[in-house]
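J.: As a plain string of letters, each chain reads:
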Amino acid sequence: MSTQEHTVTYIHRDDIGARMGMWLFLFTELLLFGGMFILYSIYRFTYPDAFHLAAKELNTIIGAFNTAILLTSSLTMALSIAAIQRNQKSLSIFLQFITIVLALGFMVNKYFEWGAKFSHGIYPGSDVLLSKPAGEIIFFGLYYVMTGLHGIHVIIGIVLIAIMMRFTSKGIIKSDSYVKLETIGLYWHLVDIIWIFLFPLFYLIT
Amino acid sequence: MEKKQEKYLDNSHSYGNYILVWLALMALTAVTVAVAGINLGGLTVATALIIASVKAYLVLTIFMHLKSESKIFRVFVAVALIFLLVSFILLFSDYSFIVRN
Numbered sequence: 168m169s170t171q172e173h174t175v176t177y178i179h180r181d182d183i184g185a186r187m188g189m190w191l192f193l194f195t196e197l198l199l200f201g202g203m204f205i206l207y208s209i210y211r212f213t214y215p216d217a218f219h220l221a222a223k224e225l226n227t228i229i230g231a232f233n234t235a236i237l238l239t240s241s242l243t244m245a246l247s248i249a250a251i252q253r254n255q256k257s258l259s260i261f262l263q264f265i266t267i268v269l270a271l272g273f274m275v276n277k278y279f280e281w282g283a284k285f286s287h288g289i290y291p292g293s294d295v296l297l298s299k300p301a302g303e304i305i306f307f308g309l310y311y312v313m314t315g316l317h318g319i320h321v322i323i324g325i326v327l328i329a330i331m332m333r334f335t336s337k338g339i340i341k342s343d344s345y346v347k348l349e350t351i352g353l354y355w356h357l358v359d360i361i362w363i364f365l366f367p368l369f370y371l372i373t
Numbered sequence: 033m034e035k036k037q038e039k040y041l042d043n044s045h046s047y048g049n050y051i052l053v054w055l056a057l058m059a060l061t062a063v064t065v066a067v068a069g070i071n072l073g074g075l076t077v078a079t080a081l082i083i084a085s086v087k088a089y090l091v092l093t094i095f096m097h098l099k100s101e102s103k104i105f106r107v108f109v110a111v112a113l114i115f116l117l118v119s120f121i122l123l124f125s126d127y128s129f130i131v132r133n
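Each protein sequence line maps, in turn, to chains A and B.
Just so we're aligned, residue 168 is where the first sequence starts under my numbering, counting upward by one.
Just so we're aligned, residue 33 is where the second sequence starts under my numbering, counting upward by one.
Read the hints as simulated data drawn from the structure, not as lab findings.
Treat the hints with care, as some may be off.
Beyond 10 angstroms from chain B on every Cβ pair, some chain A residues (computed) [as the list claims (entries may be wrong)]:
1) H179
2) T239
3) A245
4) L271
5) G272
6) E280
7) S286
8) K299
9) G302
10) Y311
11) M313
12) I322
13) K341
14) F366
SDA-like cross-link-like pairs, simulated, lysine to any residue; straight-line CA separation at most 20 angstroms [stated by the list, open to error]:
15) A/K223 - B/A66
16) B/K103 - A/G184
17) B/K103 - A/F192
18) A/K347 - B/F105
19) A/K341 - A/K223
20) A/K223 - B/F105
21) B/K99 - A/D182
22) A/K284 - A/F369
Residues from chain B that face chain A, not an exhaustive set, calculated with beta carbons under 7 angstroms [stated by the list, open to error]:
23) T64
24) A80
25) A84
26) A88
27) Y89
28) L90
29) V91
30) M96
31) S100
32) Y127
33) R132
Heads up, the beta-carbon is just placed ideally off N, CA and C, and yes, glycines get one too.
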């Protein structure tokens, strides 16, 4: 009888497996961006001067500012997990909210940055860009594809964190069961790591 | 069960620890921007990549809890990074032959 009771009340739970699953997904992301970094390094090696010249068009201050925003959002994400572990529910929700606000700030900056490039006529396929040397066309092509793909990841992250906020407020994520928040945190930190490498490679070529 | 619960909680650092790591990350960002202004010749890219790797290491170990996770996670990440490195090395060696001919 007691055995049967046990099977009824037992709910399978594998937090380590869940985190491992997210890590496996992150490895596929690593290869996705890794392939682009290979492309970048080959072309930078082929056209070193054009890359230097083209990189001067990018705004280092916006780039550095966005780096700071993303690093801070990673901090608030990590803190929100620490907060839910300590059963500080409203603090955790607040920190997740700040993470979303910072991520939106990142995207707004990105909008203005891309907007400025567009108004200068630098966008894929534009006449201004196509009249430039081959190396610069490739630099801006890589810039738009890599920061664009990263931007899509940021938007996905915003949606996922918003769902986690809802889960936390409904009590699905709580102090003794927060693996969902942890896995989304892992994803968010990977987005941060990719930007850590994108920033010096595109904005800081001198 | 009680013991298992405590194991989950191992995956946590104090608020102060996270803030310290964040300060280090911000400082390294400032360093990488400052260093980019100095012309180090061929070492410019290497310097930027080393600083970025240190930052990524901090995020992986502390923010992503690799330091406190069970060992198998570190093994998996190491294998994934080695494969990425191998694909870089193979492609570069291939490319250098194409350029030479």
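J.: State for each hint whether it applies.
T.: Tested hints:
1. H179: holds (13 angstroms)
2. T239: Check fails; 7 angstroms does not lie beyond 10 angstroms.
3. A245: violated (5 angstroms)
4. L271: holds (19 angstroms)
5. G272: holds (16 angstroms)
6. E280: A/E280 is indeed farther than 10 angstroms from all Cβ atoms of chain B, at 16 angstroms.
7. S286: holds (25 angstroms)
8. K299: holds (23 angstroms)
9. G302: holds (15 angstroms)
10. Y311: holds (21 angstroms)
11. M313: holds (14 angstroms)
12. I322: holds (20 angstroms)
13. K341: A/K341 is indeed farther than 10 angstroms from all Cβ atoms of chain B, at 12 angstroms.
14. F366: The claim breaks: A/F366 does not keep its Cβ more than 10 angstroms from every Cβ of chain B (closest is about 8 angstroms).
15. A/K223 - B/A66: holds (16 angstroms)
16. B/K103 - A/G184: Holds - the C-alpha atoms of A/G184 and B/K103 are around 14 angstroms apart, at most 20 angstroms.
17. B/K103 - A/F192: holds (18 angstroms)
18. A/K347 - B/F105: Holds - the C-alpha atoms of B/F105 and A/K347 are around 18 angstroms apart, at most 20 angstroms.
19. A/K341 - A/K223: violated (48 angstroms)
20. A/K223 - B/F105: Given that 20 angstroms is the threshold and the Cα spacing comes to 40 angstroms, the pair is violated.
21. B/K99 - A/D182: holds (17 angstroms)
22. A/K284 - A/F369: The given pair, whose Cα atoms are some 14 angstroms apart, holds under the 20 angstroms limit.
23. T64: holds (6 angstroms)
24. A80: Because about 4 angstroms separates B/A80 from the closest Cβ in chain A, which is inside the 7 angstroms limit, the hint holds.
25. A84: holds (5 angstroms)
26. A88: The hint holds - B/A88 has a Cβ within 7 angstroms of chain A, the shortest such distance being about 5 angstroms.
27. Y89: violated (10 angstroms)
28. L90: This hint is violated: B/L90 lies away from chain A, its Cβ roughly 10 angstroms from the closest one there, beyond 7 angstroms.
29. V91: Result: holds, 5 angstroms to nearest chain A Cβ.
30. M96: holds (5 angstroms)
31. S100: violated (12 angstroms)
32. Y127: holds (6 angstroms)
33. R132: Cβ of B/R132 sits 13 angstroms from chain A, so the hint is violated.
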